[in-house]
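S.K.: Here is what each chain is made of, one letter per residue.
8 protein chains.
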Amino acid sequence: MDPGRLKTLLERVRAGELDIDEAMRELGDLPFRDLGFANVDHHRALRGGFPEVVLGLGKTAEQIAAIVAELARGGVNVLATRVDAQKAAHVLAAVPGARYEEGARAIVVEQQPIAETGRGTVLVVSAGTSDLPIAEEAALTARLGGSKVERLWDVGVAGLHRLLHRRQLLESAEVIVVVAGMEGALPSVVKGLVSRPVIAVPTSIGYGASFNGIAALLGMLNSCASGVVVVNIDNGFGAGYAAALMNRKRE
Amino acid sequence: MDPGRLKTLLERVRAGELDIDEAMRELGDLPFRDLGFANVDHHRALRGGFPEVVLGLGKTAEQIAAIVAELARGGVNVLATRVDAQKAAHVLAAVPGARYEEGARAIVVEQQPIAETGRGTVLVVSAGTSDLPIAEEAALTARLGGSKVERLWDVGVAGLHRLLHRRQLLESAEVIVVVAGMEGALPSVVKGLVSRPVIAVPTSIGYGASFNGIAALLGMLNSCASGVVVVNIDNGFGAGYAAALMNRKRE
Amino acid sequence: MDPGRLKTLLERVRAGELDIDEAMRELGDLPFRDLGFANVDHHRALRGGFPEVVLGLGKTAEQIAAIVAELARGGVNVLATRVDAQKAAHVLAAVPGARYEEGARAIVVEQQPIAETGRGTVLVVSAGTSDLPIAEEAALTARLGGSKVERLWDVGVAGLHRLLHRRQLLESAEVIVVVAGMEGALPSVVKGLVSRPVIAVPTSIGYGASFNGIAALLGMLNSCASGVVVVNIDNGFGAGYAAALMNRKRE
Amino acid sequence: MDPGRLKTLLERVRAGELDIDEAMRELGDLPFRDLGFANVDHHRALRGGFPEVVLGLGKTAEQIAAIVAELARGGVNVLATRVDAQKAAHVLAAVPGARYEEGARAIVVEQQPIAETGRGTVLVVSAGTSDLPIAEEAALTARLGGSKVERLWDVGVAGLHRLLHRRQLLESAEVIVVVAGMEGALPSVVKGLVSRPVIAVPTSIGYGASFNGIAALLGMLNSCASGVVVVNIDNGFGAGYAAALMNRKRE
Amino acid sequence: MDPGRLKTLLERVRAGELDIDEAMRELGDLPFRDLGFANVDHHRALRGGFPEVVLGLGKTAEQIAAIVAELARGGVNVLATRVDAQKAAHVLAAVPGARYEEGARAIVVEQQPIAETGRGTVLVVSAGTSDLPIAEEAALTARLGGSKVERLWDVGVAGLHRLLHRRQLLESAEVIVVVAGMEGALPSVVKGLVSRPVIAVPTSIGYGASFNGIAALLGMLNSCASGVVVVNIDNGFGAGYAAALMNRKRE
Amino acid sequence: MDPGRLKTLLERVRAGELDIDEAMRELGDLPFRDLGFANVDHHRALRGGFPEVVLGLGKTAEQIAAIVAELARGGVNVLATRVDAQKAAHVLAAVPGARYEEGARAIVVEQQPIAETGRGTVLVVSAGTSDLPIAEEAALTARLGGSKVERLWDVGVAGLHRLLHRRQLLESAEVIVVVAGMEGALPSVVKGLVSRPVIAVPTSIGYGASFNGIAALLGMLNSCASGVVVVNIDNGFGAGYAAALMNRKRE
Amino acid sequence: MDPGRLKTLLERVRAGELDIDEAMRELGDLPFRDLGFANVDHHRALRGGFPEVVLGLGKTAEQIAAIVAELARGGVNVLATRVDAQKAAHVLAAVPGARYEEGARAIVVEQQPIAETGRGTVLVVSAGTSDLPIAEEAALTARLGGSKVERLWDVGVAGLHRLLHRRQLLESAEVIVVVAGMEGALPSVVKGLVSRPVIAVPTSIGYGASFNGIAALLGMLNSCASGVVVVNIDNGFGAGYAAALMNRKRE
Amino acid sequence: MDPGRLKTLLERVRAGELDIDEAMRELGDLPFRDLGFANVDHHRALRGGFPEVVLGLGKTAEQIAAIVAELARGGVNVLATRVDAQKAAHVLAAVPGARYEEGARAIVVEQQPIAETGRGTVLVVSAGTSDLPIAEEAALTARLGGSKVERLWDVGVAGLHRLLHRRQLLESAEVIVVVAGMEGALPSVVKGLVSRPVIAVPTSIGYGASFNGIAALLGMLNSCASGVVVVNIDNGFGAGYAAALMNRKRE
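Protein chains in written order, with numbering that gives the first Met the number 0: chain A, 0 to 250; chain B, 0 to 250; chain C, 0 to 250; chain D, 0 to 250; chain E, 0 to 250; chain F, 0 to 250; chain G, 0 to 250; chain H, 0 to 250.
It is possible that some hints are incorrect.
[Claimed, not checked] Facing chain F, from chain C, some residues (calculated, C-beta under 10 Å):
hint, residue
1, Gly57
2, Ile113
3, His160
4, Pro201
5, Asn211
6, Gly212
7, Ile213
8, Leu216
9, Asn231
10, Ile232
11, Asp233
These are calculated hints, taken from the structure and not from any lab test.
For every residue, glycine included, the Cβ atom is placed at its ideal position computed from N, Cα and C.
Chain A with its partners taken away, still in its complex shape:
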């Protein structure tokens, strides 16, 4: 209930125009329904510069197209993650203005210019080439959320020199997202080299006792480097989202 409406109501009570019982009935509806954060505008504010998001995983091409189209109707940006190329073709045919980011396996409908909201850059680091789709998903999400993004690919711990090489780049980032499968050791190593916040993303890359990413997840949760935080297995979106949030200038 905005102050204007509440003031009018009280003025009408004082003026005797509004019966006290009627006023009470109207006010009785107030809790929850008209709370600031409950209305659409507030929700939009919460979402900030981020696009609306659809998780494509486990949905048919038809379902994805329908939801993306529905969300896009409001004129906002829309991001659909985990969409393979075949489904993407269907969605692109059905939703005008949609584009496919193949590397990130994501569909984007970009109807609003992206506001530059970051204090610095988000750096996305990945261990192996198989981790790239998740890393690109993180990078795309952070970008759509208003951050400048840099990438550092293929710097797994079995070849440390590739990483040590780029210490400058690591330290210059505002927030670092580190994507790795198998033993998931890269975030510890990266965090040991810099004083920046590190968000670790375990991927399901591996086989046998990798248990679809559990090994990497546990490795990251048990990092011996202080200050590593973790998201769900293959959750590039969540990491990119959190990184952009952490990087965001406070207005």
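For chain A, the structure is supplied; the task is to place chains B, C, D, E, F, G and H on it using the hints.
M.R.: Showing chains B, C, D, E, F, G and H alone in chain A's frame:
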């Protein structure tokens, strides 16, 4: 190898005082040993304003006292986590200048003034009274890391009104740490209310199918609220450390 | 053994028409075989107004059609759950009178009018759109079991306002079924708002560390809200069945 | 905000006694803080006839005594579960009016008469003698919640006759709580015999591959008998609470 | 209801001494209560020559003593398993006629001569010295169940020669119980050498990834040797019981 | 080394026809290669009346056909388990004399008459219709191993009367195999009714928290009925094999 | 930075051709970028005689072909593991000089002669025929790494004689790789027979409680034979690589 | 059967002193009983220079003392691992010649000089100070097994510089044992730096989602660095044993 030493070396080469082969031998030792980040000063820089840390869990009072004393010798601040009252008494007797933060079950040796490094405040939120030691550990760590800290205790999801009440406080924080055991639902709810970064700390509070915090951990990793990041079970220290890092002003 | 038959037997003994040895032989068969609950009528009574049920999961269209047809022969209502649209087409072609409830992925043969047996209504609440098939399965089962059913869709904990909005509806139900995947936090939040019994249904919605619904299951079993009870992952049928049972008027 | 207070406020506005700005300030605080369900009275209404509850597990005798005393101050009934005899002695010495229910390992402070709120009786059934503390906890909780309670002990599935014997008793109950460890098969067998709602409580009784109750928990979640609902391992309190809720007459 | 009683009842009916209604009332109670297998005699028959059993694990010395004394009152043999020496001293002091089998960590009250019921012998084989308490528990149980028992200790798979040595003994047994911890490979090797039934008992011996016997349990369940059957971790009693049952002559 | 060959060797030594060094060389090869149990005849003796067995699971139709044909060449009986109808058609076309047992999803090449080796009958009991393929596999294996087999289908614990009905049949068997999925409670109930050995077979029937048969497996391992032994999930073959072995007359 | 370049730099400093500041700038870049081990040559030295490796699992035929072709461009040997026959056909068509090792499910591009680097032979032992692809992968890898390889197939623990037979062969090897699924007992038995290092490879062969190789993995980690080391499930490559490394002559 | 005895037997046959039937009887006993590897001498040869070993974990001081004394009677070296200081005092008092290696928590009875059997050195590397007891156990075992041992302590991945520093030392070793808890990343990093065999030892150091070493174990099994092999959690002994074996010169 500090610039001074390198310059001297080159000048001696130019002056013909130093044989090229000898110069090469000396430079050959350079990689790794004298890399900027390898020496103590750099390590100190990486650590920034954070104290040295000892995990008390699984160590005897004697071991904790010895390590804390050793670290404190350097004049830095020291934090020992997961120390019960009985062990703490022993440590305090052995280490001059140490104090016990009972709520956080931590020992602190504060030899340096804490530099105020935060852009804003770190808010620590906890679900139940049993989660308090972990929540206080997070708060203490963030404080020692240079952040102003606020607390919001006992706002579990089974009594939402206590949380909704404090939406202002939630939104005003720069970073929010949310500590919860059992089903670990509180971070999702908090993240749904605000646009701030949320670090979730699962605790081992619960019994039966809580599996010492696994239920809470999984709940947090699977949060339906975008942008929640997670640390290890009962890792209040890690959450506080990451929060202070995210809150840190860039010099 | 019904009283009539037993009485006749004893009368024939007294009348000397039945030899004591013969009588003993006949009575010796009595335990188990003729116990009230062992015969078909009793079984029917146990089942009450509920339909016969077939779990379609893991069965071929041919097998489902055969079992449904067999059960339907007795003139009772039949419910086949977890039947996809393709299999359903086959079953409908094979079983006269069968209809497909697409939302609930279920086949119904409704040959008997549904007796209204409920004291009040069963409310089915779901967190996300992906949870809908399980939620609709619960709603359909409760309805076929004689309860009036209401639905409240898409009120996940990351957007609390949508739920708070409907507190009246929640409290007015006799029993509430809450369906949620991912972190499974919704039942705790709902139970915290009302004094009604809550049956929680974890779904396999999610990925990575959701472990096909284990995260949601554990979350619900560890609910910090007193009085939440839980069924198996994706078991919408079981929840709807239990809800209708709890709602049932005692004759 | 209770209607009386709201009415008075509006009347004072109309009477010109209360400035509109002041009224707005007071009403502005209304959302969340004074929502019907947020104040203590409403919370009491939600709790209904149930006592305040403390989980004694993992708390010291001193902590339990302090919390129980604090809660009891309000004049309400208090229940502390999972308190062993030694701790109980301490609590009883510290809290006037507290009594120890040894069978249920629980402390009760009964300051209010228990309102009889049940439509029928709650029957608590247990498989083995080792399951008794959990079964008694369920029975005690249901009783404190206003239900008449009956008990049926030691009717494990390896000796079916003891159970079959008491079919009458089973069917006569309004709600049945079934407590079992090891393979947790009893709820399935009980549910197969009656048309009443069954709440299954797995216990941690067993060894080896019982995994502290996981075997029983999984057995109950996978019950082949329709309509069994489950609570956490050893959660006798939760089962008794839910049973009393299901049994409660609607005013 | 034993035949004698039933005959008398029918004779009294025929003789007109018993009213038909009264007879029906008496017979009406018959199902379940007086079923052959429900009375004590039948239960005794089911139990056959086996002693009454108490699982000492998790019980206090007082509780064990009380239960053993209670069971022994009936004049039957009693076996209490998993009783350590300290508790045993208490029980022996409290229960006249009880003796402690230290190797098997079991208390025995042997009040009846053991009937020799076996067709052949039960051979108990163990892998390591740490497995002995469980192996002795199996041997003792089989012996109390009426079987002759032979023992073959310390023939782990890392020293095959000790086992190959005794092939004659292996083949001569009627049933073989094989007890092993760690990788649990011994039952496969034994079964590969003989054509006798093999009951495998995993023990909790090991550490780290033995997970308290899970490794051994899984190894045994996945035996590549056809016909190995398995019992719970550390369940020497169950294996000895099953072995004696398999070895039992049919009367 | 057969006695004849050894005798000849020694005679040639005595006759001076064979040099002692040559004799030693020949005897030096003896261990392992010519050990009684190492030759084919002994292996055949170990296998007894059982057929050669191929696990079809995870093999192509071509692979199964090739292995079955190879084994059948020796004139023995062959059993291939876990072969679906489509693959079976291929195998039958390729292997003369092979037949498909559809109920057991098995291929049999029966080239030898089955020797009747049992002391009594093997009874196979199954809980639900979905468990039938595994139950039939057990029955077929026991039959091919020389035992008379009886079947008792669809007697799950949710409808106890169907089981109680057949107590006579249960007790008359020499060995009972009990096949059940979901909560796996049937073996406990069966064992509670009879004094015969019970082999429990968990099946992967179920969904969600059945974890492909883990729930049933754990339930059976934790059976409260003494003397239940267990095989791997879906291992009908192993249970049938063990049952025939236990039932075998000793020559 | 190779010695030549460094020498030139210093000589130019001495000659006054290079300004000291410029020299320092150039040297400042030195750490990490030009460290000996960071350049390609060093990496090649680390890799030694081993081929470049691609894990085919989870990659499309197109992706495998592209990576193999890329790596082969350098003239080195390339190994692609876990490539099925269908994908292999595609890769062979696309990459000149590639061959398919069907038994090992691997593609090899052999452009360099294999240097014989072993002190002795690597023996690969496998338990069952289904383990062969993994065993062949190990054998192929060891061979490409410069070791002579011998094979011993189908010597599972259920038929010990086949293994005992070949003790000579076992002891003669420098390193033994043992590949086994199901209960994974073979490495323990082999290690018990010889004094050579044993590398155990668990395979995913099995079903039910084999949990895709976890049972075998745990069995191997818990081996009672001292000195068994283990690699990931199905990791024939890793075992062959480690074996060749252990067998390698030190230059 | 040693060659001497066999030769004598054959000579007595040739000389006619031994009847052929008697000779056959004697030889018939030969398999298994007198196989070369079955007698004590062979077993000693297998064990090579290694001491006899006792796992102290889970044994009382009395048991350890008794077993160590028994083994030491033969004049060999004896190693008892996992013995805490208190138990060690007891053992030292009871066994003459025993000494306590406190760092390795092990008791050693060194009665034989250690034969130097290594080709090079075994290097033991540890990540954190809490990993030291396990690392020292590995070092001690390798030393007792005849290898020269070097140590590199406290080079965890969060501070890479300490490790990079010592690349020379790493590469100079013949075999490297790497001991690490928490995320277990150190072996991957070490293996990425050198071309030597690496044996990884996960430790139970950590808390929460380290699950007593499972996280480290999984990390090591999934190492992205080729050729890392792994032993059980906390199995320093096994790693040291395997390292000495790999390092052993072949006579």
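S.K.: Which of the numbered hints above does this structure break?
M.R.: Structure breaks hints 2 and 3.
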